[in-house]
Amino acid sequence: KNQVEQSPQSLIILEGKNCTLQCNYTVSPFSNLRWYKQDTGRGPVSLTIMTFSENTKSNGRYTATLDADTKQSSLHITASQLSDSASYICVVRLSGNTPLVFGKGTRLSVIA
Amino acid sequence: DTAVSQTPKYLVTQMGNDKSIKCEQNLGHDTMYWYKQDSKKFLKIMFSYNNKELIINETVPNRFSPKSPDKAHLNLHINSLELGDSAVYFCASSRGRGYEQYFGPGTRLTVT
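Those sequence lines, one after another, are chains B and U.
Note that the first sequence covers residues 1 to 112 in the working numbering.
Note that the second sequence covers residues 1 to 112 in the working numbering.
Worth flagging that the hints you see were computed from the coordinates, not collected in a lab.
The beta-carbon is built from N, C-alpha and C at its ideal position, and this holds for glycine as well.
Certain hints may be false.
[As the list claims (entries may be wrong)] In silico DSS-like links for lysine-lysine, alpha-carbon gap of 27 Å or less:
hint: 1; chain 1: U; residue 1: Lys9; chain 2: U; residue 2: Lys44
hint: 2; chain 1: U; residue 1: Lys67; chain 2: U; residue 2: Lys9
hint: 3; chain 1: U; residue 1: Lys41; chain 2: B; residue 2: Lys104
hint: 4; chain 1: U; residue 1: Lys41; chain 2: U; residue 2: Lys19
hint: 5; chain 1: U; residue 1: Lys40; chain 2: U; residue 2: Lys71
hint: 6; chain 1: B; residue 1: Lys71; chain 2: U; residue 2: Lys41
hint: 7; chain 1: U; residue 1: Lys19; chain 2: U; residue 2: Lys9
hint: 8; chain 1: U; residue 1: Lys9; chain 2: B; residue 2: Lys104
hint: 9; chain 1: U; residue 1: Lys19; chain 2: U; residue 2: Lys40
hint: 10; chain 1: U; residue 1: Lys19; chain 2: B; residue 2: Lys71
hint: 11; chain 1: U; residue 1: Lys22; chain 2: U; residue 2: Lys40
hint: 12; chain 1: U; residue 1: Lys22; chain 2: U; residue 2: Lys67
hint: 13; chain 1: U; residue 1: Lys71; chain 2: U; residue 2: Lys19
hint: 14; chain 1: U; residue 1: Lys9; chain 2: U; residue 2: Lys71
hint: 15; chain 1: B; residue 1: Lys17; chain 2: U; residue 2: Lys36
hint: 16; chain 1: U; residue 1: Lys22; chain 2: U; residue 2: Lys52
hint: 17; chain 1: U; residue 1: Lys36; chain 2: U; residue 2: Lys22
hint: 18; chain 1: U; residue 1: Lys44; chain 2: B; residue 2: Lys71
hint: 19; chain 1: B; residue 1: Lys104; chain 2: U; residue 2: Lys22
hint: 20; chain 1: B; residue 1: Lys57; chain 2: U; residue 2: Lys41
hint: 21; chain 1: U; residue 1: Lys67; chain 2: B; residue 2: Lys57
hint: 22; chain 1: U; residue 1: Lys9; chain 2: U; residue 2: Lys41
hint: 23; chain 1: U; residue 1: Lys52; chain 2: U; residue 2: Lys9
hint: 24; chain 1: U; residue 1: Lys52; chain 2: U; residue 2: Lys40
hint: 25; chain 1: B; residue 1: Lys104; chain 2: U; residue 2: Lys44
hint: 26; chain 1: U; residue 1: Lys40; chain 2: U; residue 2: Lys9
hint: 27; chain 1: B; residue 1: Lys17; chain 2: U; residue 2: Lys9
hint: 28; chain 1: U; residue 1: Lys44; chain 2: B; residue 2: Lys57
[Said to hold, decoys possible] Covered by chain U, per the in silico footprint, the following chain B stretches (three or more residues, Cβ under 8 Å):
hint: 29; segment: 39-50
hint: 30; segment: 82-96
hint: 31; segment: 101-107
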């Protein structure tokens with residue numbers, strides 16, 4: 001069964017600290033992996049998209065990594081800000097005409 | 001503003017009623033989607049249309065009927081609403097299948 005598992009389920013960190021969110025998937029055949037940020041009361045917004053051949057991709061203070069061999073991805077947030085408080089959702093796309101497979105997200109709270 | 005827009009933002013209605021949610025995108029995208037996000041924040045694909053043609057229809061009750069009058073619009077009509085239909089419904093669009101998806105702000109549906 002195609003699944004995307006994220007950990008931790010929720011995380012609280014102090015402003016200015018770094019954190020890393022994890023995503024493990026059993027999706028096959030793999031096409032690409034995406035990280036989305038969803039603020040409360042809003043729709044998800046894409047942060048990064050990585051294909052099989054990409055190991056890392058950055059978007060400002062967000063850096064995503066991908067290990068296609070172990071089927072693991074991580075999202076590292078550097079020097080967190082209060083506005084980083086949101087849910088971060090890992091999404092994997094299979095090859096072919098199939099829907100995206102969503103993780104349940106990690107709820108991040110950044111506190112002052 | 002170029003975006004994916006949905007109306008209404010909030011919808012409160014009684015069981016048994018019929019309601020519609022509208023979605024419009026002015027990004028020039030060919031593919032549009034409807035997602036349901038339940039109370040556990042898990043996003044699930046419901047439908048996907050490509051050039052007004054239905055390409056994905058997950059196991060959704062036939063009380064839900066999407067309608068795409070043109071490429072820029074994908075409306076969702078729900079008949080005989082049930083308590084379990086309460087959720088946030090997101091519309092999204094993408095340039096084509098497999099491309100990055102842009103989400104609307106969501107419609108919070110509450111069935112009483």
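Here is what the structure says about each hint:
Annotation: proposed proximity of Lys9(U) to Lys44(U) holds, straight-line Cα distance about 19 Å (limit 27 Å). Taken as a hint, the Lys67(U) and Lys9(U) pair is honoured in the structure, with Cα atoms around 19 Å apart against an allowance of 27 Å. Taken as a hint, the Lys41(U) and Lys104(B) pair is honoured in the structure, with Cα atoms around 7 Å apart against an allowance of 27 Å. Proposed proximity of Lys41(U) and Lys19(U) is supported: the alpha carbons are some 22 Å apart, at most 27 Å.
Of the pairs offered as hints, the one joining Lys40(U) and Lys71(U) is violated, with about 31 Å between alpha carbons and a cut-off of 27 Å exceeded. About 23 Å separates the Cα atoms of Lys71(B) and Lys41(U), which keeps this hinted pair within 27 Å; it holds. Between Lys19(U) and Lys9(U), the direct Cα distance comes to roughly 13 Å. Compliance with the 27 Å bound is thereby established for this hinted pair. For the hint linking Lys9(U) to Lys104(B), the alpha-carbon distance of about 23 Å falls within 27 Å, and the restraint holds.
Restraint check for Lys19(U) and Lys40(U): satisfied, since their Cα atoms lie roughly 23 Å apart, inside the 27 Å limit. For the hint pairing Lys19(U) with Lys71(B), the CA-to-CA distance comes to about 42 Å; that exceeds 27 Å, so the pair is violated. For the proposed pair Lys22(U) and Lys40(U), the alpha carbon gap of about 24 Å is at most 27 Å, so the pair holds. Of the pairs offered as hints, the one joining Lys22(U) and Lys67(U) holds, with about 9 Å between alpha carbons and a cut-off of 27 Å not exceeded.
Between Lys71(U) and Lys19(U), the direct Cα distance comes to roughly 22 Å. Compliance with the 27 Å bound is thereby established for this hinted pair. For a cut-off of 27 Å, the pair hint linking Lys9(U) to Lys71(U) stands: about 22 Å separates their Cα positions. Taking the CA atoms of Lys17(B) and Lys36(U), the gap is about 33 Å. The hint is violated against a cut of 27 Å. The suggested pairing of Lys22(U) with Lys52(U) holds, with an alpha-carbon distance near 15 Å, which does not exceed 27 Å.
With a C-alpha separation of about 14 Å, the suggested pair Lys36(U) and Lys22(U) falls inside the 27 Å cut-off, and the hint holds. Pair hint Lys44(U) plus Lys71(B) holds up; C-alpha atoms about 22 Å apart against a cutoff of 27 Å. For the given pair, Lys104(B) sits about 26 Å from Lys22(U) by alpha-carbon distance, which is consistent with the 27 Å threshold. Straight-line distance between C-alpha atoms of Lys57(B) and Lys41(U) comes to about 26 Å, which keeps the hinted pair within the 27 Å bound.
With a C-alpha separation of about 37 Å, the suggested pair Lys67(U) and Lys57(B) falls outside the 27 Å cut-off, and the hint is violated. For the hint pairing Lys9(U) with Lys41(U), the CA-to-CA distance comes to about 17 Å; that is within 27 Å, so the pair holds. Restraint check for Lys52(U) and Lys9(U): satisfied, since their Cα atoms lie roughly 24 Å apart, inside the 27 Å limit. Annotation: proposed proximity of Lys52(U) to Lys40(U) is violated, straight-line Cα distance about 31 Å (limit 27 Å).
A hinted pair counts as satisfied when its Cα atoms are at most 27 Å apart, and Lys104(B) with Lys44(U) qualifies at roughly 10 Å. Of the supplied pair hints, the one linking Lys40(U) and Lys9(U) holds, its CA atoms being roughly 19 Å apart against a limit of 27 Å. Distance restraint check for Lys17(B) and Lys9(U): the Cα-Cα separation of roughly 35 Å exceeds the 27 Å cut-off, and the hinted pair is therefore not satisfied. Under the criterion of a C-alpha separation no larger than 27 Å, the hint pairing Lys44(U) with Lys57(B) is consistent with the structure, at around 26 Å.
Figure legend: the segment 39-50 of chain B, annotated as covered by chain U; annotation consistent (7 residues with Cβ-Cβ distances under 8 Å, at least 3 required). Given as covered by chain U, the segment 82-96 of chain B passes the check, having 3 residues with a CB less than 8 Å from a CB of that chain where 3 are the minimum. Coverage of the segment 101-107 of chain B by chain U holds in this model, with 4 residues showing a Cβ closer than 8 Å to a Cβ of that chain against a need of three.
In summary, the structure is inconsistent with hints 5, 10, 15, 21, 24 and 27 from the numbered list given earlier, while agreeing with the others.
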